[in-house]
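Participant: As they're listed, the protein sequences go chains E and S.
Letter 49 of the first sequence, counting from 1, is numbered 49 in our numbering, and no numbers are missing.
Letter 198 of the second sequence, counting from 1, is numbered 198 in our numbering, and no numbers are missing.
Since the hints were derived computationally from the structure, they do not count as laboratory data.
Hints should not be assumed to be uniformly reliable.
Computed from the model, here is a short list of chain E residues facing chain S with C-beta under 7 Å [to be verified]:
id: 1; residue: 145
id: 2; residue: 149
id: 3; residue: 211
id: 4; residue: 216
id: 5; residue: 233
id: 6; residue: 235
Pulled from the structure, derived: some chain S residues nowhere near chain E, Cβ distances all over 10 Å [as the list claims (entries may be wrong)]:
id: 7; residue: 131
id: 8; residue: 153
id: 9; residue: 178
id: 10; residue: 234
The following label-pair restraints were derived from C-beta to C-beta distances [stated by the list, open to error]:
id: 11; chain 1: S; residue 1: 98; chain 2: E; residue 2: 176; range: 50 to 56 Å
id: 12; chain 1: E; residue 1: 250; chain 2: S; residue 2: 137; range: 32 to 38 Å
id: 13; chain 1: S; residue 1: 52; chain 2: E; residue 2: 252; range: 44 to 50 Å
id: 14; chain 1: E; residue 1: 154; chain 2: S; residue 2: 244; range: 20 to 26 Å
For every residue, glycine included, the Cβ atom is placed at its ideal position computed from N, Cα and C.
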Amino acid sequence: MPRLSISLSRIGLPALVLAALAMIAACGDRRSSAVDSTTALAPSGTRVDLTGAGATFPYPLYSRWFNEYATLTNVRINYQSIGSGGGIRQVVARTVDFGATDVPMTDAELASAGMPVLHIPTVIGAVAITYNLPGLSRPLNLSPDVIADIFLGTITRWSDARITALNPNVTMPDTDILVVHRADGSGTSYIFSDFLTTVSPAWAAGPGRGKDVRWPVGIGGKGNEGVAGQVKQMPGAVGYLEVVYARQNRLPVVHVRNAAGRFISPMPFEIASAATAVLEADRKLFASDAKGAPDLRVSLVNAPGAQSYPIASFTWMLVAPTAIGPQKSRQLAAFIRWALLDNPDVASTLGYVPLPSEAATRIVDRLDATLAAGRPGSP
Amino acid sequence: MQSPLGDRLYRTITTVCAAAIPFVLVLLTAVVVRAAWPALALHAGDLAFGRTWDVPHERFGAVPAVVGTLLSSLIALAIATPLALGVAIFTVDIGPRRLHEPVAFLVNLLAAIPSVVYGLWGVFVLVPMLRNTIMPALLPFGAVMPLFRGPAYGPSLLAASLVLAIMILPYIASVSREVLRAVPQTQREAALALGATRWEVVRDAVLPAARSGLIGGVMLGLGRALGETLAVAMVIGNRHAIPDSLFDPAYTMASLLANEFAEASSDAHLSALMAVAALLLLITLLVNLLARWLVQRVATGLPGSRWT
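With the rest of the complex left out, here is chain E:
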């Protein structure tokens, strides 16, 4: 039955990959203990292996961090970019030492994990809105409510009065708007739909926020490159992308009106400003005493501040100290201190937006305090 096995293997593939990853994770532990007894790579101690899995968005940055860290220390970190959902599942299943996600775990997920899971922001991501309007000489300005109505399908033409009002010195073409969205589950979709839910009551009552959303109009492209491909090919199209992807491919981006009323383009300073503004606004987040402080599952969308780009988000590392024990927790904390404080330039050179230095310092201090307290308090 060859046809049967073909289609079965297709369905089974993700499951097989997960199983294989679990086996790799298990093997990793065994291999490290074997190495421990035979070779000491650094005089200061034996080689340490840590495994992680999760989000694809920070993967290029993480793999660079892990490689550089391995040349400086005896810690080897193996990371599988299987998606945020996979990262959360694997941390909860205790098959990895840490996870990574663009989408914070929900209260229900944290409750069902049965152990504290720390959310540690590592870098800031943002979503850019790209468009295909030939002959448009200036960047397009849009406000949150107009963006929401375009993606809801209530604004259907580029010459709509609400769009021309935002772009007074531009002749908008009288063509249909074609919405392109992500078809695959994606942290980018989560951030964008989180933004739409925050700014538009109609969106909040309708599609809502999620990695997979029921988009009211448009067609679905697979991955950032799928969305970019469709938008580039079709005049009149509009879509949203991870900002690193938009910048590297020099795609036109919408200047989005922020909470302070200014039109802001998704540049590194403006994206970092969103994080600074949100953390400034809530000083409690920086409480060095871990007890009673709220966790760092903070949304950065529609941030206050004159310079803030409104569609930004942290991406997080997930650490469950009780599951991996004090030794591995300390090793991960040491790595995070190095990555966030000693080495922030790597993120910029790769097109990511590093955490503002004050925020990074406080996050690292808070992590250390939490782990030193022995009993991890608020996750």
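Please arrange chain S on chain E, whose structure you already have, making use of the hints.
Facilitator: The following block gives chain S in isolation, referenced to the frame of chain E:
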């Protein structure tokens, strides 16, 4: 001289091998159904009859994906089958002898291309061609033929069906070729001796004798089309709606799984995806049973008799 021990050993080994395949199939079905159970218990009606796939609100209607899967596969089959039969007949009976092997080789080469490459070709070549040339040319017929109604974005049921048709062509062609070559030479010679032309030989002597094998080849292609994920996900438009026209974006079950599985973190979503996987498994099984039944029915006809 016979060795009872060797016989028994041989018998045991082959029995174990034969039993292993159904065992794996049953095990796999059990795992998928177990993972799908919460969704089947909670959302069975929605999965079977619902048209809305809305993850944040936990509504999992699989009908558009099922319809899209069946439509794209059947349209692909309708396009690929005549082409594949033509290739097979050409490279066995009709074409110049020295072209037989090269043409067959080129067609088989299509099977070696990875599906992501078909997807990229679809995105960058086929879809722009459909949007800029083919769809505008067909749109005027939309007034009388509802199959060709706009808007014509490019990513569509038609784009997916065309990509699938090319992907399954080598499977059907290669099986058909082997089947046609297995028809005894004497049968052709007998027909020739009766004064038949080359086409009449093929029509009356070769094709009827090969019927059951040809159906097997077509079913192999159908199975491949039902399960294809990546290439379809890249060109079909991924819209959870039942298409009204060939130009509408649609969805398939396999693409749905490929798109959403990696990022699914809620139990309800994961379980619903597993239920879709179970449904796809069931549909594939039904198609295979149908194929067995067809082959058996056709095989009872006398070789050499007419198609009708």
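Participant: Now tell me if each hint is right for this structure.
Facilitator: Do the hints match the structure? See the list:
1. 145: Residue 145(E) check fails; min Cβ-Cβ to chain S is 21 Å, beyond 7 Å.
2. 149: Hint violated; residue 149(E) Cβ to chain S Cβ min 19 Å, cut 7 Å.
3. 211: 5 Å, holds
4. 216: For residue 216(E), the interface hint is violated, since the closest Cβ of chain S sits about 11 Å away, which is over 7 Å.
5. 233: 6 Å, holds
6. 235: Violated. Min distance 11 Å.
7. 131: 7 Å, violated
8. 153: At roughly 6 Å from the nearest Cβ of chain E, residue 153(S) sits no farther out than 10 Å, so the non-interface label is violated.
9. 178: 13 Å, holds
10. 234: 5 Å, violated
11. 98(S) - 176(E): 50 to 56 Å: Hint holds: Cβ distance 54 Å, inside 50 to 56 Å.
12. 250(E) - 137(S): 32 to 38 Å: 34 Å, holds
13. 52(S) - 252(E): 44 to 50 Å: The hinted range 44 to 50 Å is violated for residue 52(S) and residue 252(E), with Cβ atoms some 34 Å apart.
14. 154(E) - 244(S): 20 to 26 Å: 22 Å, holds
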